[in-house]
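Chains A and B are the protein sequences, given in the same order. Per this note's numbering, the very first residue in the first sequence carries number 2; after that it's consecutive. Per this note's numbering, the very first residue in the second sequence carries number 2; after that it's consecutive.
What the hints contain is simulated information worked out from the structure, not anything from laboratory work. Take the hints with a grain of salt, since some may be wrong.
The calculated lysine to aspartate or glutamate pairs, modelled on EDC-like cross-linking and capped at a C-alpha distance of 20 Å, are [said to hold, decoys possible]:
#	chain 1	residue 1	chain 2	residue 2
1	A	157	B	143
2	B	166	A	52
3	B	157	A	88
4	A	8	A	69
Interface residues of chain A toward chain B, partial, derived using beta-carbon atoms under 10 Å [said to hold, decoys possible]:
#	residue
5	48
6	66
7	82
8	84
9	85
10	103
11	107
12	110
13	114
14	117
15	146
16	147
17	217
Where is the CB? At the ideal position from N, CA and C, for every residue including glycine.
2 protein chains.
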Amino acid sequence: MGYLNAKAVILLSGGVDSATTLALAYAQGFELYALTFRYGQRHDAEVRAAEGVARAVGAVQHVVQTIDLRAFGGSALTDAIEVPKSDSVEQIGGGIPVTYVPARNTIFLAFALGYAEVIGSTDIFIGVNAVDYSGYPDCRPEFIVAFQRLADVATKAGVSGASIKVHAPLISMSKAEIIREGMRLGVDFSLTHSCYDPMPEGLACGHCDSCLLRRQGFRDAGLVDPIPYAMGGS
Amino acid sequence: MGYLNAKAVILLSGGVDSATTLALAYAQGFELYALTFRYGQRHDAEVRAAEGVARAVGAVQHVVQTIDLRAFGGSALTDAIEVPKSDSVEQIGGGIPVTYVPARNTIFLAFALGYAEVIGSTDIFIGVNAVDYSGYPDCRPEFIVAFQRLADVATKAGVSGASIKVHAPLISMSKAEIIREGMRLGVDFSLTHSCYDPMPEGLACGHCDSCLLRRQGFRDAGLVDPIPYAMGGS
């Protein structure tokens, strides 16, 4: 649990999961230092949503790092590859989808580690989830465990025997559980953005994996998704 | 050992260690994909040196990633903190120096992992060294071991049972041994840059930890350092 003036670094994409994670860190009493990436996504809606979410919860600082994952290529989220669309979660393809961005969470956590060390924080929060997710390797529990072991030896704190703890509080929650938890904590989900392939005006497509998982999650939670969709709403 | 058309990603700072590492990967038969960071250093001499070194050895590709570690602060290499200077390696202070950049090698290796996965490489080379070094936590063997374990679960290759191997061939070599090995492999050390705090015209200061370790290494190897120094040469 947090204590007065303890700082936490929270990876904030601006989606349902990271917004709920931010609220969880807030509820535990941490001062919030949010970290968002402009990583060559095809759109900027995520970053704008993250800014709104960080502001709403009163983050002390919100750093937006710009990095260029397009220099390497290799994902539908950063390249000209088409984002897959379907009509329900059952139709989401098996295996690791083309929307996977190689090493993205490794890179994000690496930056979070540096940020935490600089501000004297001993807690990093990441909203990964291994239940209702897209099958990315770097969302699994064993990935978080391995990153924790790396963090234990990678920093000054590690050398002196202290450590920076990596929290992944959503890792074994279903999307519906995450949404209920967020609602309980007062997260304004109308500020969040999940879509991989939004319309030019930022409207969610409703049919990419991320939209489908989100819509199904709200449905399973028995709650109304407050964001509008371009093609057939929630 | 490398084999025909096997690709390796090599982290290349443009210093003695990474130039030697690049030459080692070349000697093992790898196609070379070099990766350099402009990370908010106070100077650009490192990046220019890396470009020269990559060109000299015939790298297939050289990606320069620009990231902003100054957004977090916390190091003499990126902030306005003074770089410590002394007259010999014996005078280098104990503990972790102010030139330490939090989580730098974690961030660099994370990007290398993404790069390797995108181009279909199964080998990453990093020129860290835990003998004649500045005491950074992320240069130690346990750090490389922990990163390897992370890489084993962080990527698509990890999921399918294959893996990306992290090579740190210099980790237990002295600076003199590294320099001798580089010479044997034909590295043109006149292209390399080591100084933490070069003059405006790029001349090495000769007195920061990095210059001192380099100069002592050439002396111990019985070789002449081909680069000029601003204040009293090698």
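Status of each hint after checking the structure:
no.: 1; hint: A/157 x B/143; in the structure: 14 Å, holds
no.: 2; hint: B/166 x A/52; in the structure: 37 Å, violated
no.: 3; hint: B/157 x A/88; in the structure: 26 Å, violated
no.: 4; hint: A/8 x A/69; in the structure: 28 Å, violated
no.: 5; hint: 48; in the structure: 14 Å, violated
no.: 6; hint: 66; in the structure: 6 Å, holds
no.: 7; hint: 82; in the structure: 12 Å, violated
no.: 8; hint: 84; in the structure: 18 Å, violated
no.: 9; hint: 85; in the structure: 16 Å, violated
no.: 10; hint: 103; in the structure: 4 Å, holds
no.: 11; hint: 107; in the structure: 4 Å, holds
no.: 12; hint: 110; in the structure: 8 Å, holds
no.: 13; hint: 114; in the structure: 4 Å, holds
no.: 14; hint: 117; in the structure: 8 Å, holds
no.: 15; hint: 146; in the structure: 8 Å, holds
no.: 16; hint: 147; in the structure: 4 Å, holds
no.: 17; hint: 217; in the structure: 24 Å, violated
In terms of the numbered hints stated before, the structure departs from hints 2, 3, 4, 5, 7, 8, 9, 17, listed from lowest to highest.
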